[in-house]
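Peer 1: For reference, the chains in residue letters:
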Amino acid sequence: MATNAPLIEVRNLVKHFGSVIALSGVSLSVHRGEVMCLLGDNGAGKSTLIKTLAGVHKPTSGDFLVEGRPVSFQSPRDALDAGIATVYQDLAMIPLMSVTRNFFMGREPVKGAWPFRRVDFAYCDAVTREEMHKIGIDVRDPHQAVGTLSGGERQCVAIARAVYFGAKVLILDEPTSALGVAQTSMVLKYIHQVRQKGLGVIFITHNVRHAYAVGDRFTILNRGKTLGTYAKTEIAIDELQNLMAGGKELQAVSEELGGMV
Amino acid sequence: MVDITQPVNAAPVGRPAQDERLKETSLLTRLMRRPELGALAGLVLVTLFFLATADASMFTLAGLMNILAPASQLGILAIAAALLMIGGEFDLSIGSMIAFAGLVFGSFVVLTEWPLLLAIAATFVVAGLIGGLNGQIVIRTKLPSFIVTLAFLFILRGLALVGLKWATGGSTQLRGVGGEAGEGWVREIFSGNAFEGLFAWLAANDLIDKFPTGLPTVTGIPVSIVWFVLFALVATWVLLRTRAGNWIFAAGGDPNAARNSGVPVDRVKTALFMLTACSAALVAVLTVLDAGSTDARRGFQKEFEAIIAAVIGGSLLTGGYGSAIGAFFGAIIFGMVSIGLTYTRFDADWFQVFLGAMLLLAVLFNNFIRRKVTGER
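Residue numbers (my numbering), protein chains in the order written: chain A, 1 to 261; chain B, 1001 to 1377.
Careful: at least some of the hints might be erroneous.
Keeping only pairs whose Cα atoms sit at most 27 Å apart, straight-line, the calculated DSS-like set for lysine-lysine is [stated by the list, open to error]:
(1) A:Lys168 - A:Lys46
(2) A:Lys58 - A:Lys46
(3) A:Lys46 - A:Lys225
(4) A:Lys58 - B:Lys1210
(5) A:Lys134 - A:Lys225
(6) B:Lys1142 - A:Lys51
To give a feel for the contact side, a few chain A residues facing chain B, derived at Cβ under 8 Å [claimed, not checked]:
(7) Arg11
(8) Val14
(9) Leu65
(10) Arg69
(11) Leu80
(12) Gly83
(13) Ala92
(14) Met97
(15) Glu108
(16) Trp114
(17) Ala231
(18) Lys232
Simulated from the structure, these hints should not be mistaken for lab results. We put the beta carbon where it would ideally sit given N, CA and C, even for glycine.
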């Protein structure tokens, strides 16, 4: 196995829903220790692409390689088993449940023999407290409901959970779009930490500033196609913004308003 | 722009710094996080009320058994209803299921003359299948379970009537179940009193009231109460300590998030519908063996009483939050008020007024607690 093969590589990925062409030839790759930002406006096909990578949809045609080997996922579970974890914006945590219960949801460690098999909550609490401590969220009581955490903290808990359970690639679906400035910086810092651990990150956003803050490379998606992939050294933030908007219109509006949109 | 090269938090070397905007969680706040607190407080209030107003005989051993016997039958339903509500669904068909399961059980005993154990097992299988059908319809059609099980409320009640007439040749009551059921250990598990030896011994040693003949005034604990207590303990343990319990909370809290995390939401919900149906079958078997007959009105409106008891017990109507032990207390409140009023000089029909008021209070209280728990503002 070639160790420098990309963690995920897709070539000319096409996805049709009946007569609708959602993706018409998307190519991208993400390597270890890299944050690959996927930029695109609404309707560019970001959601379809994520769901295809996460095993929710099956591609109509095109190559999908994980660590150099072609794969065909039947379900999100398959993608998870291959080390691809997706953190959805609002659909990751259950507010009424405790931090511990959320952290281990669906993958609870058990002890004891049936019918006395039970979740090892002492272990769960200890792990949760430690993992939260690592990312700098002070959970005084791991039994407190996730609803009491801020939006940024919730995103970080969701990411920490994916990392803890052995993800090699994280797909983050607009993790910062609903957050304030301080919380956004908290999430971006954590993404940076995850990269340093050697994970690959696909960071989906339509906020170029957030992307430019952590991204190593940028792939721009427009109308179901990739417009191109650029390394951070190759492209300036303004150019990126224009490419994403698909033309000069936004630039004109921006100048009219006397600032950056 | 954000400086991402800094560690996420500068503080967490050694003891993490406290956020000065957060107050220490007091014992009260931590207690309030327990969903059954409201029901427990309600039980204390109701007990104090009857201690002040009711005849002293209400709180004798015999009086308590009078309260707990109906409470236990409702409680078995309420605990199952609470688990289903925490899982995010309703079952309005459990009252009718009691009548239908009673018919099925009675038919197996009287018409086909099966041994009692086989008849009981078969009744549970039939009930479980119908519960599973309820669940599958709800899951596949994505219709609200309220509507689907409302349909089954009428279907099962109607089937119980038609079936009883067919089985008896025109009557809506099937008699002779008690006689055909025979005696033996299976019968003892599902009818009569438990711990009779203990009570006889207690009476012999003057520890409990007895008749002049030396027999105790209360000969034992009705088995339905034993089932009720055991079910409450097992359900609480499952809910709070097992994987299945975590999945029930998750399925009711947010089915999409649960699915994304690998929780088999559909399987959990189907199992819960089967559980509520089987709890109704258990109540049917207990009451039919006790009365020796079954009739089509059995379990009338029990679905509402069970849901009310579950809500008083702290379960949210929207799912994802609640408690089995709370439903246990809720059912006892129910039994205490319905029976207790006959020990007072109040008109026993105040019961319904009280019930409605209690429900309203409980819902308001639960909403308040939910906002506390989630920190919603």
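Peer 1: Give a verdict on every hint.
Peer 2: Consistency of the hints with the structure:
Simply put, A:Lys168 and A:Lys46 have alpha-carbon atoms about 20 Å apart, close enough for the 27 Å limit, and the pair holds. Simply put, A:Lys58 and A:Lys46 have alpha-carbon atoms about 15 Å apart, close enough for the 27 Å limit, and the pair holds. Restraint check: the Cα-Cα separation between A:Lys46 and A:Lys225 comes to about 10 Å, which is no more than 27 Å; the hinted pair holds. With a C-alpha separation of about 75 Å, the suggested pairing of A:Lys58 with B:Lys1210 is violated against the 27 Å cut-off.
A distance of roughly 39 Å separates the Cα atoms of A:Lys134 and A:Lys225; the hinted pair therefore is violated under the 27 Å criterion. For the given pair, B:Lys1142 sits about 22 Å from A:Lys51 by alpha-carbon distance, which is consistent with the 27 Å threshold. Interface restraint check: A:Arg11 against chain B, minimum CB-CB distance 27 Å, threshold 8 Å, status violated. Checking A:Val14 against chain B: minimum C-beta separation of about 25 Å lies over 8 Å; hint violated.
Taking 8 Å as the C-beta cut-off, the interface hint given for A:Leu65 is violated, the closest approach to chain B being about 24 Å. For A:Arg69, the suggested interface contact is broken, since its CB lies about 23 Å from the closest CB of chain B, more than 8 Å. For A:Leu80, the suggested interface contact is upheld, since its CB lies about 7 Å from the closest CB of chain B, less than 8 Å. Annotation: interface hint on A:Gly83 violated; nearest CB of chain B at approximately 14 Å, more than 8 Å.
Checking A:Ala92 against chain B by beta carbon gives a least distance of about 6 Å; that is within 8 Å, so the hint holds. With 8 Å as the threshold, the beta carbon of A:Met97 comes within range of chain B, its nearest partner Cβ sitting at about 5 Å, so the hint holds. The interface hint given for A:Glu108 is met, as the beta carbon of that residue sits about 5 Å from the closest beta carbon of chain B, less than 8 Å. At a threshold of 8 Å, the smallest CB-CB gap from A:Trp114 to chain B is about 10 Å, leaving the interface hint violated.
Annotation: A:Ala231 was flagged as interfacial toward chain B, and the flag is violated, the nearest CB pair being 17 Å apart, outside 8 Å. Given hint, A:Lys232 at the interface with chain B, is violated; its Cβ is 12 Å from that chain's nearest Cβ, farther than 8 Å.
Of the numbered hints listed earlier, those contradicted by the structure are 4, 5, 7, 8, 9, 10, 12, 16, 17 and 18.
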